[in-house]
Amino acid sequence: MLSNMIFIILATNLLISSFVMISTKRVIDSALSMLIALLSIAGIYATLQSSFMFITQIIIYAGAILSLVIFIIMFLNIKDKNLPHEPHKTRDMILTSLVVFPITAVLIYFIKLSDFSNLNEKTTSSIGKVGLELYQNYVLPFELISILLLISLVGSITLARKEKDV
Amino acid sequence: MLNNIEIVLLFILAISISLVVFSTKLSLQKAYNISLITLSASFVFLLQDLGEIFSTLIQKDIFNSMLIYDSFSLLFILIFLLSSAFLLLISKEYIFDHKYFKVESLIFILFSVWGMILLSMSNDLIVAFIALEIASMSIYVLVGINKHKLKSSEAFFKYLVLGSFMGAFYLLGLTLVFIQSGTTSFIDLAKYISTHEIEQLYLVIVGGLLIMATLMFKISAFPFYAWSLDIYDGAPLPITSLMAGIFKISIFSVILRLFLSDYISLKDLYDPLIILASIFTMLAGSFLAISQDSIKRMLAASSIVHSGYLLIALSSIATIGDSASYSLVFYLIAYFLSSLGSLGVLSMINSKDDVTYESLKGFASTNPFLALMMSIFMLSLAGFPSSIGFLGKFYIFSSAIESSLTPLAILGALTAFISIYYYFKVIASMYFHKNISVLLTYSNIKSYIIIFIISFLVLYLGIGSSYFTYLPGTNDLTEFSKSIINSL
Amino acid sequence: MILSVMIFTPFLAGVFLYLFRAKINFVKASVLLVQVFIASLAIDVYMGFEPSAILQFESNIPWIPFYGINYHIGLDGVSLSLFMMVALIMPLVSIALYDRAFVGLWINSLIVQSGIMGALLAQDLMLFYLFWETMLLPIFFMIGIYGYGKKEFFSMKFTIYTIFGSLAMLISILYLIISFKVQHGFYTFDIVSLKDTILTHQEQIFIFLGFALAFGIKIPIFPFHTWLADTYKSSPTIAIVILSALMSKLGIYAIYRILFGIFASISLELAHLVISLGLASMLYFALLAINSIDLKKIFAYSSASHLSLILVGLFIHNSTSLLGVSLFIASHALSTAAIFIMIAILYNRRESINLDSLGGIVQSAPLFSLFFAFFALSIVGIPFTSGFVSEILIILGSFEYSSIVGFVATTSILASIVFILNVIKKTLFGKKQEDFKDLQSKELLSLIPLALLILALGIFPNTFLSKVKPTVDNYSNSSKAHYAK
Amino acid sequence: MFKNYLILSILLFSLGLIGAVSRRNIIIIYMSIELMLNAVSIMLVSYSSFYNTNTGVVLSIMVTAIAAAEAALFMALFVTLYRKKKSLDTSLFNSLKDTNATK
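Protein chains in written order, with this note's numbering: chain A, 1226 to 1391; chain B, 6 to 493; chain C, 12 to 496; chain D, 104 to 206.
Keep in mind that the hints were calculated from the coordinates and are not lab data. Values in this document were obtained by computation on a predicted structure and should not be read as measured data. Virtual Cβ for every residue (Gly too), placed ideally from N, Cα, C. Each statement offered as a hint is correct.
DSS-like mimics (lysine-lysine), calculated; alpha carbons at most 25 Å apart, straight line:
1) C:LYS308 to C:LYS437
2) B:LYS272 to B:LYS487
3) C:LYS34 to B:LYS439
4) B:LYS154 to D:LYS188
5) D:LYS188 to A:LYS1250
6) C:LYS491 to C:LYS478
7) C:LYS192 to B:LYS487
8) B:LYS154 to A:LYS1387
9) D:LYS189 to A:LYS1314
10) A:LYS1387 to B:LYS156
11) B:LYS272 to C:LYS192
12) A:LYS1314 to D:LYS188
13) B:LYS156 to D:LYS189
14) B:LYS97 to B:LYS357
15) A:LYS1387 to D:LYS189
16) A:LYS1306 to D:LYS188
17) B:LYS357 to D:LYS187
18) B:LYS35 to B:LYS107
19) B:LYS357 to A:LYS1387
20) C:LYS244 to B:LYS430
21) D:LYS106 to A:LYS1337
22) B:LYS107 to A:LYS1387
23) B:LYS451 to B:LYS357
24) B:LYS104 to B:LYS357
25) B:LYS104 to D:LYS187
26) B:LYS430 to C:LYS168
27) A:LYS1306 to D:LYS187
28) A:LYS1387 to D:LYS187
29) B:LYS430 to C:LYS161
Per label pair, the in silico range of CB-to-CB distance:
30) A:ARG1316 to B:PHE285: 25 to 33 Å
31) B:PHE285 to C:ILE428: 53 to 61 Å
32) A:LYS1304 to B:LEU7: 51 to 59 Å
33) B:LYS30 to C:ILE171: 54 to 62 Å
34) C:SER276 to B:PHE285: 36 to 44 Å
35) A:GLY1288 to B:GLU57: 51 to 59 Å
36) B:ILE203 to A:GLY1356: 36 to 44 Å
37) C:PHE197 to B:PHE457: 33 to 41 Å
38) B:PHE292 to C:PHE197: 36 to 44 Å
Please take these sequences and the hints and turn them into a complete structure.
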């Protein structure tokens, strides 16, 4: 019962903060509400008793990716006048929601429809087991990911490096 | 012991990584030579696997059946290696003439080819996605490599944003498939689909749909086609060639594998959507292609139309190994040759501005050889008889009729008819005017030879027969396409 | 084997001449040499042709066996007349227009000859389609590069128009072979075998229309003729001669070979429709010809009108009219080739082919006038010319079929006599203008054989008709059997 | 209960979708895409937890890693675009469209 309550609070928090994130005008507000959303997701992982993902979420997303975003925002020194001029923001968002709504409805409908039998009780997944799974069954994706990260690293350096005008 | 393909994969990877490490110490010339040798050596090395039909799982125990190496993927791998080597050879002067091409660009070309090879071999949804991302990310960077041109940066921006946006759909689809079936492996998925009733497949179906959406985006099919024109246009020409020719084929390799081996039993559900997509892809592509002035944009738009033809074949497939499935493979070969050739000729023109119909006028009188080659590629793309493009269309339309999709074949013929207009206009511009062309071309003998080889293949594989010349011809290629489909 | 040589020698020679960038004099000489060589081979083939209904000089080699596509060529009574014409007219045209100094024009004329020959001899639908399409390219280049006026536009228009028809045909071919495959379990493109395809009535009509569209555009018949006048006006003479004398006949031939060969019953069923369309377009083109003042346009329309007559004769489908058609194909090819050569000569000297600005030629150039009048009249068929015999045969056949058809056909032939006489009067007679150089020996060299051939076919038609008769009887018997049913 | 997690992640995905489509600020678009990936992650982790396997968690690690790789490229994108245009407005980057329109 208590876990249900916690889930509801976290979910509400998550949805509200994500909504704020996609609708505010200033980037920094958006980034901060993104932080709240990411922390709520971490909380949801906690309710799922997935300790490893809980840590990962906080370290990688909240700790690394988001601080990188905030760093970029400050590095670029974005002023309010440099923000996009979006006079029809509300209208656009409502129109988009109208388009997205059926997709969401269909997805939720199918989830409602499908039958998830043989559910187990929630159990704590230890980091050790995750590691075993990762290195026993998912070695190849894991290694490929490393190459993907290498590519994106080299790529972003190549692209962001300032060059003399030719 | 290592398989040939494993050696090749490790070899290309090792070369790419060492190029990354030594990128500041190497001259562009050296890096170019190294990558060219890497690609062609791998191609030659893999040729020895050609022959019988085979299918092996790579490092079954370690990689958990996530990579499969069969005749099907071998064909595609050979295409990627050959065409990227050709690409480098054809656009040599282009690469050395444009200062923004650095050692890094070659590294990314190698990486993208590597990703495509993995993509054609992948036997698991998550591996397929990571391979796709490896290839795509390299291409994102390559698109934006020209930092001094606004168009190029914008193309990079659009491609990256749209690409990762659509990538999220793939992941959602993967997750939906996974939470219902509990597996991401193609083999287990096929088993799951064939042993369960429709009530237990809803999420697999929806997930498949989302995955298809991403793949449709990558081949610029309707309704995700609008981006491709701008991005193909903004990218440097060799990169456009890489995207429109090679990358598209690699996507089709994974579509074929996914569709033929797993989703084939759900085909009736997806068919109406694919048919719809193919109709609108052809129409939209034709419409875009007619209204273009620049040849590069026209070719980009017409590549959308070709995706439409390929989708016709996809929707006509009823079982593995029927005529539609190998007509698709045949068309892919036809398309890669013709598009590589036509964009290759374009990249041999040394011009600051875009090459338009207007600036091509009189090209035949100043450069008869390239004009002739360009005409051959245009004829092949338009599906004019005696070229490989015609046979490709012929097979696709006949397989559509065979699956009683005659209206689709008629529509295909109609868009082929429209395509006559914009392809013949290129020929008309080149030949029907006298001595007014101001276009300069790079005169590199190697590029000329490669272009000639491609055009020879386009014609020979269109009409050649082992009964007259004792060399494997059209018939053998058709039989080969059939046999590799059977290795799936 | 001899037929393959005849098909591919011109093509290979053309490619060779293009690749080695030969000088114009060498090109001209070798083109002529190749064409004379082909003509001599053709005469040899004609002599050896047995008067029977079977396919002769056949060769059949698998080409794409996976799809049952064969390299299957052969000659029979249906193709004989056009076959001879292609081989004989091409060298004569080359002699007449020997002063044209464009390398591309000569090379393209060689390649187009290959294409026409191939389409004519192909017994495999795929092979036929291949040649049918490829012969379009040389014409595309000829008009676009060496034409007059808005040549780029009209060249594109012509090409796109014809390819539209071809694609309709392609879909029909595919539908046909797939139906055959479903019924018999294997692919074939052989025209004779495809006869066994069982199709519903509706399917037959659609496939028939697909083919008919391609052939109708090429001939052209009434609603598909809009490319005709502009294309002729902007084409160089060689292209016009090829288009009017040979390629349009190929449309007729293809109807004969493919539609009658594969869709015999549906062709006869739709015969009324085609005949009335043919009669209508006969009259319509005759009227257009009367109203034009440009010589090229006049003869373009008049030839279209006569082609409609051939079409009518074809669909009447009895032995007499089919004999007439076979002869008319030959005689009309000769006459139109000759008349367009005459027009080219006229244009060279007067810089105009406008009826109003011509006249008075007869005083200064009697020889020219004689030939011009002879060829113009041979088109409408004065006695002793081959046109006479063939028109009489077709008209006899049409009266046999229905007196109304015969009557209308006769009327429109009379109408064409009227405007041809008018053309002769306005071109040759009237007030004398500036001097007009008479025909030279080189021009006579090509015109005299043409005239002799026309006379020979007119005076001794039987030597030719006897070779064709068995095939024709074969076709008309099948139609009799159909009507009896 | 499991379905609630799934529905939550679908809702989150849709929110991300709306943000990515309707906004014109490039950084917000990027964060919306991240939100979509996070939604996928929630789904995977909840599967893992309810079905008592670790596969879901592993896949979710993959998703996170892919997101990180994309992040690197996006950072480069922000920098290049801001340098060129001094703005984060995506609608300013439309010279490609213009070449088409002026024709």
